[in-house]
Amino acid sequence: MPVSFSKARDWIQAFAEAVAENKDYLTELDSAIGDADHGINMNRGMKAARAKIDAVTDPDVGALFKTVGMALVSTVGGASGPLYGTLFLRMGAATAGKPELSADDWAAALAAGLAGVRTLGKAELKDKTMVDALTPAVEALEAALGEGAALPDALRRSAEAAENGMKATTPLVARKGRASYLGERSAGHQDPGATSSWLLVRTAAETLGEQGGQ
Amino acid sequence: MKKLINNTDDVVSEALQGFAAAHKDLVRVVTDPNYIVRADAPVRGKVALVSGGGSGHEPMHGGFVGMGMLDAACPGEVFTSPTPDQMLAATKAVDGGAGVLHIVKNYTGDIMNFEMAADLAGAENIDVAAVVIDDDVAVQDSLYTAGRRGVGATVLAEKICGAAAEQRRPLAEVADLCRRVNANARSMGMALTPCTVPAAGKPTFELGPTEMEIGIGIHGEPGRERKTVAPASEVVEMLATPVADDLPFSAGDRVLAFVNSMGGTPLIELYIVYNELGRFLSARGIEISRNLIGPYITSLEMQGCSITLLKLDDEMTALWDAPVNTPGLRWCV
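Those protein sequence lines, which keep their order, are chains A and B. Residue 1538 in my numbering sits at position 155 of the first sequence, and the numbers go up by one each step. Residue 153 in my numbering sits at position 147 of the second sequence, and the numbers go up by one each step.
Rather than coming from a laboratory, the hints here were simulated on the basis of the structure. Certain hints may be false.
Ranges of calculated distance between the beta carbons of each label pair, as one might list FRET restraints [said to hold, decoys possible]:
1. A:K1430 - B:T323: 46 to 52 Å
2. B:T247 - A:E1522: 44 to 50 Å
3. B:P176 - A:T1502: 28 to 34 Å
Below 30 Å or equal to it, Euclidean Cα-Cα: the simulated DSBU-like pairs (lysine-lysine) are [as the list claims (entries may be wrong)]:
4. A:K1406 - A:K1509
5. B:K8 - A:K1430
6. A:K1435 - B:K98
Away from chain A, derived, C-beta distances all over 12 Å, residues of chain B [to be verified]:
7. N13
8. Q173
9. W337
Built from N, CA and C at the ideal position, the CB exists for glycine as well.
The whole structure should be built from the sequences, with the hints applied where relevant.
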């Protein structure tokens, strides 16, 4: 069953709600190894994105994602703005003009988003960044679909992989971003960017994988 | 949290309104997206200088917009990089046909946002060059970190390159000069107290009543070590030694010595620091030929200071002495 435009919009809403619910948690994680604003900034960005997507009336998933990306780029600031903005802009470019997405379309879009994040942020796996949650999410999704799993199942496995990747950032020493200035002192803390990325993949599993819809 | 504010959400916008009202002879403040341009922008045929960064470091950068320094500054939220739409709008507003130089401090967010803005400006056929400032020697392991942070040298680069742009030098030359200033400058800072970002409501880090952080960043990034508070003479030794050893500065060099307040340290203490720095440098045979003392690149209300040394040559000295007329720096006008 494909991902309809309205389901894609439900996902954006669900991600925005998850960011709002976890605003203080993300900021708290960021205060340990960063500058204590990740939840505040992401919430400002997703609120702006929510306000903008109502204007996307064409059933064009690419336009929807692009709108979210532009809203994030222009409201979040910091490093998260360009990184999450690029993620959605690349997902938008990969799905331009599509009224609905097949399971493979979704996997390709998420992979394109991740590639954009890696290019801009120049982060590798285990640098203690959002890449550590997104990379296993994309790999698990592709593996599951390759084995012939249905989309809901593939999404669930993708979310599990993201969660494991997020948790695995805790012992790592940060090599990118502001946390890297802490050196060894950054170990022992879960990465806030990997955590918001897990929310993104988890809400995708919850909304895009659910039965029914249009 | 005790602060002279109305509402944490309005700190940047209300400060910008006050800034606009106070300096309307020198600058224009544009909102949505936010940027500050010199009142006579764009200046035809002159390379335009654009900088920007999180707010909370005033007078940097907005206070350095005006004749002889920046053409535009983009203020972000407090301690948060501004966004590419601000930088693009500012770049377009100041482009006088000779190209635009982006002066970017080396922070992950600033780098990415300016990079996106330069791409967007390039797509609109504006010639943009970017120079990254990374003078903070407190960051030792730059291979496995985001690299040395941009601090005090930013102010000096903006002044010197601003003067070069006023002489109608071409973009490539102004950009080279900016890289040269960065290559010849080194800085290190320290904190006696942390500071509080209004939206966060609590200090960005903890520092005990008898502790100080040596090598602090301007957003409260951790430094090299935490020590017991010591006399100014010893603190200057701790800051100036890694700075002077890093370039290295050697006997016979002439330098610009920049003693900067993090925001909460008064001038009387800065002069004590400057006095000790003079002693330290003369023992090494280094001559201070220019100086800058005061709060120029601050970290909200943080108490502490930073020391920046710039190895001068005749050209940089002449450009430093050239007229400047901005809200934050003004001479010979």
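These are the hints, each one checked on the structure:
For K1430 (chain A) paired with T323 (chain B), a C-beta distance near 50 Å keeps the hint of 46 to 52 Å intact. For the hinted restraint 44 to 50 Å between T247 (chain B) and E1522 (chain A), the CB-CB distance of approximately 48 Å keeps it satisfied. Look at P176 (chain B) against T1502 (chain A): about 31 Å separates their beta carbons, and that is inside 28 to 34 Å. In summary, the hint linking K1406 (chain A) to K1509 (chain A) is supported, as the alpha carbons are separated by about 24 Å, within the 30 Å threshold.
Between the alpha carbons of K8 (chain B) and K1430 (chain A) the distance comes to roughly 29 Å, so the proposed pair stays at or under 30 Å and holds. The suggested pairing of K1435 (chain A) with K98 (chain B) holds, with an alpha-carbon distance near 25 Å, which does not exceed 30 Å. For N13 (chain B), the non-interface assignment is confirmed: its Cβ lies about 15 Å from the closest Cβ of chain A, beyond the 12 Å cut-off. With a minimum CB-CB distance of about 34 Å to chain A, Q173 (chain B) clears the 12 Å threshold, and the non-interface call stands.
No beta-carbon of chain A comes within 12 Å of the beta-carbon of W337 (chain B); the shortest separation is about 33 Å.
The structure fails none of the hints (numbered hints given earlier).
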